[in-house]
Structure formats: C-alpha cells, structure tokens
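Build out the structure end to end from the sequences listed, making use of the hints.
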Amino acid sequence: MTIFIDTDSQNLPDAIGKCSIYYCNWRTQKRLQDIIDGLNKEPKIQLKLKVVASFMPVVTNKQDRFIALAQTAIKKVSGRQPDVVISHGATDASRYVLDNHNFPIIEYGPGIEKLSHQIDERIALDDYLTAQQAYVEIAKQYLNNTKDDEQASS
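Each residue of the sequence shown is one higher than the last, beginning at 64 in our numbering.
Fair warning: there could be bad hints in the mix.
[Stated by the list, open to error] Think about it this way: if two alpha-carbon atoms lie no more than 30 Å apart in a straight line, the pair counts; the simulated DSBU-like pairs of lysine-lysine are:
| no. | residue 1 | residue 2 |
| --- | --- | --- |
| 1 | K203 | K138 |
| 2 | K210 | K139 |
| 3 | K138 | K125 |
| 4 | K203 | K139 |
| 5 | K139 | K177 |
| 6 | K210 | K138 |
| 7 | K125 | K210 |
| 8 | K177 | K125 |
| 9 | K113 | K93 |
| 10 | K104 | K93 |
| 11 | K177 | K113 |
| 12 | K107 | K93 |
| 13 | K139 | K125 |
| 14 | K138 | K177 |
| 15 | K93 | K111 |
| 16 | K203 | K125 |
| 17 | K93 | K177 |
Just so you know, these hints were derived from the structure itself, not from any lab.
If you want it as structure tokens, here you go:
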C-alpha cells in the first residue's frame, strides 16, 4: 500500500505550490539544467534539457481517516497490515491535484513494488485476486462510514 504522506517533520509538500528541495519539480529541473550548463562548458558538448512530463506531487495527510480505513480493509482481506510508505515516481493521481481536490489519495495494488514497471514484471495470481477483494472491502467500509456520517449529522 502506498500512501502519499504529509508530514512537516520530513518537509514533504503539503499543498500545491509548496515543496521541499527533494520533491519539487521546478527545483529538480533547475538542478538538472545546472548540471547540463556545467557540462556544456566543455568543448564539443552541447546538451539540452527537454522536459516531456512533469507531475505534481500528490499528498495525503497521514492522519486522514481514509488511510486507517484502507489499512483496516486490506488487513481484513489479506491478513497482513499494509505498510504506509512514500512513493517516488509518477502517478496518474497527480492529475487530481491540478485544482483544489478535497479527498484523500492513496495507491494500493498487488505484487512486489520493486518488480513493477520492470522487465519481467509479474504478480502472483493470489495477490491479484486479494487486491480485488481489498478494493471491494475499501469501498464497502467507505460507503458504510459515509452513511454513518450522514446519519450522525442529521
């Protein structure tokens, strides 16, 4: 289970437009451009940086109750407590933060993370089927909690 965590102690981004030196797209691009500029000072070297994709960081507060809900649902189905980790890499979820989103975002999927998006990427069939059951359980628990919240506010 990959959850994008907002924590001041690690200086991670807590909103669009805020970033740490490690997680900010424009700072990363500037560092790369500085390296290229340095290399271009050498004779016969003329490199150019071309950014073909730049994804915004996706952040969910680690105290968000949806994280606990998802962990509970996954443990119920799999028998294992999922780890909460920070994901480094691009995600389609970054499209959801282009405006002010008002919902938590997590990533969860089957398999061994270090094998994903690699040559010979694979997952065990049991892991695949368990993930499907976990998605259903997360939805059930979410919908039940939403119904409970609505009844409590009535």
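- Does the structure break any of the earlier hints, and which numbers would those be? none
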